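Colleague: Could you build the full structure based on these sequences and the hints that come with them?
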Amino acid sequence: AQSVTQLGSHVSVSEGALVLLRCNYSSSVPPYLFWYVQYPNQGLQLLLKYTSAATLVKGINGFEAEFKKSETSFHLTKPSAHMSDAAEYFCAVSEEGGADGLTFGKGTHLIIQP
Amino acid sequence: EPEVTQTPSHQVTQMGQEVILRCVPISNHLYFYWYRQILGQKVEFLVSFYNNEISEKSEIFDDQFSVERPDGSNFTLKIRSTKLEDSAMYFCASSEKKGAQYFGPGTRLTVT
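Top line first, the protein sequences correspond to chains A and B.
Residue numbering for the first sequence follows the numbering used here, starting at 296 and increasing by one per position.
Residue numbering for the second sequence follows the numbering used here, starting at 6 and increasing by one per position.
Just so you know, these hints were derived from the structure itself, not from any lab.
One or more hints might be untrue.
Below, simulated BS3-like cross-link-like pairs (lysine-lysine); rule was C-alpha separation at most 27 Å, straight line [claimed, not checked]: (1) B/Lys83 with A/Lys344; (2) A/Lys363 with A/Lys353; (3) A/Lys364 with B/Lys83; (4) B/Lys102 with A/Lys344; (5) B/Lys102 with A/Lys353; (6) A/Lys401 with B/Lys62; (7) A/Lys353 with B/Lys83; (8) B/Lys83 with A/Lys401.
Remember, it's a predicted structure, so these values are computed and weren't measured experimentally.
Modeller: Given below as structure tokens:
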């Protein structure tokens with residue numbers, strides 16, 4: 296069975312500051328890992344994915360995430376927050392070659408302070 | 006850029022009624038999925054569909070749910086007899102292969 300834990304239901308940063316959203320996973324097999332963003336009243340947009348290639352993954356809108364097997368983590372970062380980054384962010388895991396459905400974390404609401 | 010579309014955006018129905026939620030996946034994708042998100046909770050997997058059959062389903066996907074690909078473009082989720090607790094946002098997703106899934110904007114289902 297797989298699971299995802301996102302630390303912090305709400306994260307607040309100042310515009311221009313570093314964004315760090317935490318995600319830890321558990322999986323019995325090598326995982327595929329994803330970050331999705333959900334803007335108000337919209338669907339889920341894929342930010343980036345890890346599928347067992349490079350451990351540092353670059354995504355859209357300046358976001359990146361690093362897969363750390365020893366820490367079972369896949370934290371999302373962005374060097375400089377922008378007001379338009381305010382949204383809900385979801386980390387998700389699926390098992391490589393295994394189950395089809397994604398298992399999502401509870402989400403982190405990112406607030407950007409002017 | 007191709008995207009997943011869903012209709013309607015909002016559906017209101019009475020308890021016990023049947024509803025059909027519709028999705029048009031990205032045209033060259035082969036895997037199709039339904040998820041739901043109850044207000045304030047996390048996104049939950051319901052079912053996946055490949056090669057015209059269900060490939061995986063969660064424990065949420067009980068006998069009141071069914072999925073169908075009636076033609077070459079649509080993918081539907083039917084809820085046979087809706088309950089109050091079925092009120093949620095329902096998302097359709099598709100993928101070219103197992104891995105990155107692309108989501109539609111969702112259908113908000115309200116059961117009264």
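Colleague: Of the numbered hints stated previously, which ones are contradicted by the structure, given in increasing order?
Modeller: Result: hints 1, 3, 7 break, sorted rising.
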